[in-house]
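*Asks:* So you can see what is in the structure, the chains are spelled out below.
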Amino acid sequence: MAHILLVDDEQLVVDTLRAAIQSKGHTVETACNGIQGLTKFSAGRFDLVITDIIMPDKEGIGMILEMRQAAPGAKIIAISGGGRTGNVEFLNMAAKLGAAATLKKPIQLAELFQALDDCLARDCGADVPQSDKHLAGTPTP
Amino acid sequence: MFETGLLPDWKAEPEAKYRGLLEAAPDAMVVVNQYGEIVLLNLQAEKQFGYRRDELLYQKVTNIIPKGFAERLIADGTRTAAEALDQQIGTGIELTGLRKDGGEFPIEIMLSPLENSEGILVTAAIRDISLRKAAEEHLAHMESRYRGLLEAAPDAMVVVNRYGEIVLLNLQAEKQFGYRRDELLGQQVKNIIPNGFAERLIADGTRTAAEALGQQIGTGIELTGLRKDGGEFPIEIMLSPLESAEGTLVTAAIRDISLRKDMETQNAQLHAKLRHAEKIEAIGTLAGGVAHELNNLLQPIIMMTELVLTELPADGQQAKQLLRVVDAGGKAAEIVQRILAFGRVDEACYDALDAGCVVREAIAFIRTILPSSVTLHISDIEDIGNGGTIRGNKTQLTQILMNMASNARDAIAANVGTVWISLSRLEAGDKRPAVRIGAVHPGPYVVLTVRDTGAGMDEATMARIFEPFFTTKDVGKGTGLGLSITHGIITSHGGAMQVDSAPGRGTKFSIYLPIEETQPVLALAS
Numbered sequence: 002m003a004h005i006l007l008v009d010d011e012q013l014v015v016d017t018l019r020a021a022i023q024s025k026g027h028t029v030e031t032a033c034n035g036i037q038g039l040t041k042f043s044a045g046r047f048d049l050v051i052t053d054i055i056m057p058d059k060e061g062i063g064m065i066l067e068m069r070q071a072a073p074g075a076k077i078i079a080i081s082g083g084g085r086t087g088n089v090e091f092l093n094m095a096a097k098l099g100a101a102a103t104l105k106k107p108i109q110l111a112e113l114f115q116a117l118d119d120c121l122a123r124d125c126g127a128d129v130p131q132s133d134k135h136l137a138g139t140p141t142p
Numbered sequence: 004m005f006e007t008g009l010l011p012d013w014k015a016e017p018e019a020k021y022r023g024l025l026e027a028a029p030d031a032m033v034v035v036n037q038y039g040e041i042v043l044l045n046l047q048a049e050k051q052f053g054y055r056r057d058e059l060l061y062q063k064v065t066n067i068i069p070k071g072f073a074e075r076l077i078a079d080g081t082r083t084a085a086e087a088l089d090q091q092i093g094t095g096i097e098l099t100g101l102r103k104d105g106g107e108f109p110i111e112i113m114l115s116p117l118e119n120s121e122g123i124l125v126t127a128a129i130r131d132i133s134l135r136k137a138a139e140e141h142l143a144h145m146e147s148r149y150r151g152l153l154e155a156a157p158d159a160m161v162v163v164n165r166y167g168e169i170v171l172l173n174l175q176a177e178k179q180f181g182y183r184r185d186e187l188l189g190q191q192v193k194n195i196i197p198n199g200f201a202e203r204l205i206a207d208g209t210r211t212a213a214e215a216l217g218q219q220i221g222t223g224i225e226l227t228g229l230r231k232d233g234g235e236f237p238i239e240i241m242l243s244p245l246e247s248a249e250g251t252l253v254t255a256a257i258r259d260i261s262l263r264k265d266m267e268t269q270n271a272q273l274h275a276k277l278r279h280a281e282k283i284e285a286i287g288t289l290a291g292g293v294a295h296e297l298n299n300l301l302q303p304i305i306m307m308t309e310l311v312l313t314e315l316p317a318d319g320q321q322a323k324q325l326l327r328v329v330d331a332g333g334k335a336a337e338i339v340q341r342i343l344a345f346g347r348v349d350e351a352c353y354d355a356l357d358a359g360c361v362v363r364e365a366i367a368f369i370r371t372i373l374p375s376s377v378t379l380h381i382s383d384i385e386d387i388g389n390g391g392t393i394r395g396n397k398t399q400l401t402q403i404l405m406n407m408a409s410n411a412r413d414a415i416a417a418n419v420g421t422v423w424i425s426l427s428r429l430e431a432g433d434k435r436p437a438v439r440i441g442a443v444h445p446g447p448y449v450v451l452t453v454r455d456t457g458a459g460m461d462e463a464t465m466a467r468i469f470e471p472f473f474t475t476k477d478v479g480k481g482t483g484l485g486l487s488i489t490h491g492i493i494t495s496h497g498g499a500m501q502v503d504s505a506p507g508r509g510t511k512f513s514i515y516l517p518i519e520e521t522q523p524v525l526a527l528a529s
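Keeping their order, the protein sequence lines are chains S and B. Just so you know, we're using this note's numbering here: the first sequence kicks off at 2 and counts up by one. Just so you know, we're using this note's numbering here: the second sequence kicks off at 4 and counts up by one.
Don't read these hints as lab results, they were simulated from the structure. Keep in mind that this is a model prediction, so the values were computed, not measured. Ideal placement from N, C-alpha and C gives every residue a C-beta, glycine not left out. Keep in mind that the hints are not guaranteed to be accurate.
Claimed, not checked - BS3-like mimics (lysine-lysine), calculated; alpha carbons at most 30 Å apart, straight line:
(1) B:K50 - B:K103
(2) B:K103 - B:K136
(3) S:K41 - S:K25
(4) B:K264 - B:K193
(5) B:K231 - B:K193
(6) S:K97 - B:K397
(7) B:K231 - B:K178
(8) B:K334 - S:K25
(9) S:K25 - B:K323
As the list claims (entries may be wrong) - One side only, chain S facing chain B, incomplete, derived with CB under 8 Å:
(10) D16
(11) T17
(12) A21
(13) G83
(14) I108
(15) Q109
(16) L110
To be verified - Going by beta-carbon spacing under 7 Å, a handful of chain S positions derived as facing chain B:
(17) E11
(18) A20
(19) G82
(20) K106
Here chain B stands alone, though its shape is the one from the complex:
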C-alpha cells in the first residue's frame, strides 16, 4: 500500500516503479517537506516507529525524531534552508528515534534533497542502529576491561605487528624502557629489543611467519632490553599470537629479570666461595696429617745426621756431605710448615702495624729478587703515613708481598717489564669493590696493589690460582702454594683480595686490609 500526500508531480511519474524501490529499501524512508511534515514513508518506517502509515502522514517529523532532524533543515541568518540541507547531505547523522509506544532507539539518518514544484523536499533514510550501538558498547566495555588488564599487568606488554612495529603497549612497558607511549607506538620493536625478538617472527625458507611464531609460543626467552637512555638490562619474554583484522599480531610479555640475574650471579659467587672454602678445609686437614707424619720422619733424618756430625771433623768431606742432608731436611721442614699454613696461619702474632712501613721494608727485599730487566715503580707509599694502621703479622704480610712480586717477576719471565706497587686508602664512604677472596666490609681499608706487565691470565686460570698446588709454572719452578698461603694470610687478617687480569694485559692483585683506628705500637721503620 502506498499513499501520497501533496505530491502532484509524483503522480505524473511511473509511480509503481518508485513505490517498489521505496518499499524494498532495507532502511526506513521518510520524505519531509519544508514545514517539517512527513509527506511520504515506507513500510520499514511504519515498522521502526510502530505507527500505521496514516498516523504519520502530514504529521511533524519531530513526532518520530524529536531532535536534530528538523533543525538541520531550518534556515537561519547565515544560511538558506537549501544551504543548511547541503551541509548535511551524505553524512550519517546519529540521532534518537521515538516509537509510538514512547520507546527510544538509536538511529542513523542519511539525507538527500528532492526537488519538486513545492520546493525542496528532504528524503531521509533512517537506519535502526540499536544492534550496532549495543555491539559498540559491548566492544568499548570489553576494550576497557582488557585495557585495564593490560595496564594492570606486572610485566611490560607490547603488541607487535608483522612488520615488527609496536602497535600497543602498557604502562609497565613505558616504565621499563623509559619511553613515553607515543614515542614507542609505530616504532620498530628492535629499538627496545635489538636482538632476538623480531628474528623469531620472520618467515624463512623452512617456515611461515605463523610457524615461526608457533615455535616460540609459551617459551621464556632471555634477551636484552635497551632503555631510551642506552642502558641495557636482561629480560625474559613470553610470546603469544593475537588474531586481529590486521592479521596475526604478536603479544609479548616482557619481564625485567635484572634482580633475578643479580641473585643468580651472587648465588654462583657464593657457591664458588663455599666450594673454595671447603676445598681449603679438606686440603688443610690432609696437609695437617701429612705434616705431622713428615715432621716425625724428618726428625731422625736431621737429628741423627747432626749427631753423626758431632763426631766428625768439621772440615772433612763427610761432614760437608752430611751438612747437605741437614740442609735438605731443614728445607723439607719449611715446606711442611707452608703446607700447614692452609689449616690456619701458624704462629701468627698480630700487632698494630703501619702499612706503609711494612710495605717499604718488603720493597727492600723485593728489589733483591727482581732482575735488572724488570723496573720497579713505587707510588703513594709515603702519603698513607700513619693513617694506614692495620692489625697484622709483619712476617706474613712481607711474605705475601714477596710472593706477589715473585709471581710478577715470573709472569714477565725473560721479557723486559715493569712492576708497580702502590698503597692507598679505601675510605668508609667509598663503594665496596668486588673481590675474589674474603669480603670488604663497611669501614676504611688500606689497598695494596701489585701490578705487572706480564703474560696475564684468562678467566679459567684466575678461577684456580688460589687453589693449593695449582701452578702455571714449569715443574720445579713453583710449588703452587704461594697464592694459597696468601689466601690464608689475607683471610686471617680479615682482609680481602681481588685479581684483575687478561691474557697479554698483565695482572693486578689488590689486597684490602681493614684499618684499625689506633696508632701503631711498634716502630717498624727501624
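Isolated chain S, as found in the complex:
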C-alpha cells in the first residue's frame, strides 16, 4: 500500500479524494495549499503526490516545480477544476513539468483508481532514474 500526499484548498475535495484513496487501502496525508504541501513533502516520504493547481498562497505549478527540483523522481498527479482559461492549459503545463498524470475535476472514481494504479505500478519517471522505491522528500544529494 502506498503513502500519498493530497494537496487541495477545497476541503470537500480533500475529504472526497481521501475517502476514495483510503478505500483502496492507501494512507493519505493532506495539505491545503502549496506551502503546506512542500513542508509536508520535505518532512515525509511519499509514494505519490496528488495536487490541485489553483490554490491560494502557493499554487500547484510552483509547488510541482519545487518538488521536482528537490526530488526529480517524485510521482505527481495534477488535478484541476479549471479556471479563466480552462483547466487544460494548467494540466498541460503540469504534465510538461513532469506530472505523471493529469485529471480534470470532477474526477470519476474509476479514473482516479486507474491513475493511482498506473502511477504506483510505474517504477519511477523514465527520465529520472532512481533506485529507491520510496521517493524522498528531501533534496537528493
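Starting from the known structure of chain S, arrange chain B on it as the hints suggest.
*Replies:* Chain B in isolation, oriented as in the chain S frame:
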C-alpha cells in the same frame, strides 16, 4: 444757339419747335448728309466730342466717328444708299467716338432717315455708353471670378429657381450626377435629388417660400442623390438664398458623403464587434471562475456517490437511485465544460482535415436528430474532395454542425420543413463576403452553409444570437450557449461566420474556414 447749314426746308419749318426738341434730347444728335458731312448737331454733341458747334458743322462725320458710321450709308454694287441705311434703321450700333482731344469713348448710335429736297439725310442719336460698358466689363469680370469660384468648389453646386428648375451648376455637379451640363440646365432638381430638396422650398399654409428656405439655411441636410445611371448615393446639402432679378434662387452645395457613410458603417461594425469581444471576454472570465467552483462542488457529489455505490448491491433500488445522482453530476460537469468554452476552446487539438469528410460524418449524426417532418438536402459535399483541407478539430466542427442543425430543427418546430447543408469553396480571387463573426482574409476558404425553412429572425434577434445565454427557445429547451460556443470554435479555427435571415424567410448560416494548401494527414472517412 442753333445754326443750320444747307437746310433750306428746315428754315421754312417752325424752327424754334424743332430746335427746342433737338437741344433737349439726352443723347448727342448729329444729322449727316449723303456726303458724310455733319449738317446739324446739338449741345450734347458738342459736349460729348469736345468741339464747338462751328468746328463740326460741314465737317466729315468720320472726324468724330472714324469707323463704322459713314460706311453704313454708302451704296455699293448690291444696294443703294437708301437700302444701306434702311438696314441700319432702329438698331443700336456700338461704335467708337473720337473726341477733339484725341480721346476715344464707346458710343451707341441709332440711325433714322430724314428726307428733304437735298435727298436723304441721316439723323444719328449718339449715346456715350462709357459708364454702361464699364459696368458690363465689371460685371463680366465679376462673373468670371464667381464662375471660377463656382467651378473650383469641391462640392457640387446647383442653383435652383422657385419652380424647382436647375438654372446653374458647376463641374462637380456634372461629375457627381453623371450628366452633361446641358442635360441638367432647366431640368427639375427632383431628377437628381428625388426627395427632400424641392419640398423644403415650398410654401404652405404656415409659411412662405422665403420662410421655408429660411428654416433650412445653413443646416446640413442628409438626402439621397440619383445619378444618371440610376445609382443612388448619400449626399449632404447646404442651402443658401441668392437674390436675383428672377426672384430668390436657392444655391445648394451638395457633398457626396458615400465615403463618410462607409466609414461610419465600418466604425459601427467595428464597435459592435469590439463590444461583442469584450462581452465574451468578460463572460469568459466569469465562466472560468464559476466553472472552477462548480467542478470542486461536483467532485464530492459524483465521487462520494460512487464510493457509496461500491458498497451497495449493483441491482438494488438504492444503487439505481444513486446512479442517477452520478449521471446528473456528469451532465452538470458537461455544462461546465461548455461554459468554459467561452474563455478558450478547451482541449483543442488541430489536425489537417478534409472538410468534406468532416461534414459527411456530421451529417450521419444530424440525420438522427431531425424528425421525419424535416427533409435534409445535401449538396456539393463530394465535389469539394481533397481541395478543402482545413486545419481544425473534428469534434468541435462536428459540434457546431450539430448545433446549427438542431437550431434549424427547432426553428422549423412542429412544421414541415427542409434543411439544406452544402459545402463549397471561396476562391482566393472571389470577393470577400460580409461576416458577423471573425473576418474573411485573402486566400481560399471552404464555405459550409446550413439553411432552413424555419421561422427566421429579425435584425434585433440576429444581433444577439452569438451572446452567451441568449435564446429564443422556451425555458428548458435551450441553454443559449450553442451559438456562443460556435462563435468560440469558429474564431479559434481562424474562420468567420455570417447569418442571413428574415422573419418567415428561414435562416442561413455560412461558415468560412481557411483552406490549408496541404493534404490531410488523417484518414477520416473511416
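*Asks:* It remains to establish, for every hint, whether it holds in the given structure.
*Replies:* Hints and how they fare:
1. B:K50 - B:K103: 10 Å, holds
2. B:K103 - B:K136: 21 Å, holds
3. S:K41 - S:K25: Status holds; Cα separation ~22 Å.
4. B:K264 - B:K193: Holds. B:K264 to B:K193 sits at ~22 Å (cutoff 30 Å).
5. B:K231 - B:K193: Given pair B:K231, B:K193 holds - Cα atoms ~12 Å apart, limit 30 Å.
6. S:K97 - B:K397: 25 Å, holds
7. B:K231 - B:K178: Holds, at about 10 Å.
8. B:K334 - S:K25: Holds. B:K334 to S:K25 sits at ~27 Å (cutoff 30 Å).
9. S:K25 - B:K323: It holds: about 23 Å lies between the C-alpha atoms, which stays within 30 Å.
10. D16: 7 Å, holds
11. T17: At 4 Å from the nearest chain B Cβ, S:T17 passes the 8 Å test, so the hint holds.
12. A21: Given a least distance of 6 Å, the restraint on S:A21 holds.
13. G83: 5 Å, holds
14. I108: 7 Å, holds
15. Q109: Because about 6 Å separates S:Q109 from the closest Cβ in chain B, which is inside the 8 Å limit, the hint holds.
16. L110: 4 Å, holds
17. E11: 4 Å, holds
18. A20: Because about 6 Å separates S:A20 from the closest Cβ in chain B, which is inside the 7 Å limit, the hint holds.
19. G82: Holds - the Cβ of S:G82 comes within 7 Å of chain B, reaching about 3 Å at its closest.
20. K106: Hint on S:K106: holds, closest Cβ of chain B at ~4 Å, below 7 Å.
Of the numbered hints listed earlier, not one is contradicted by the structure.
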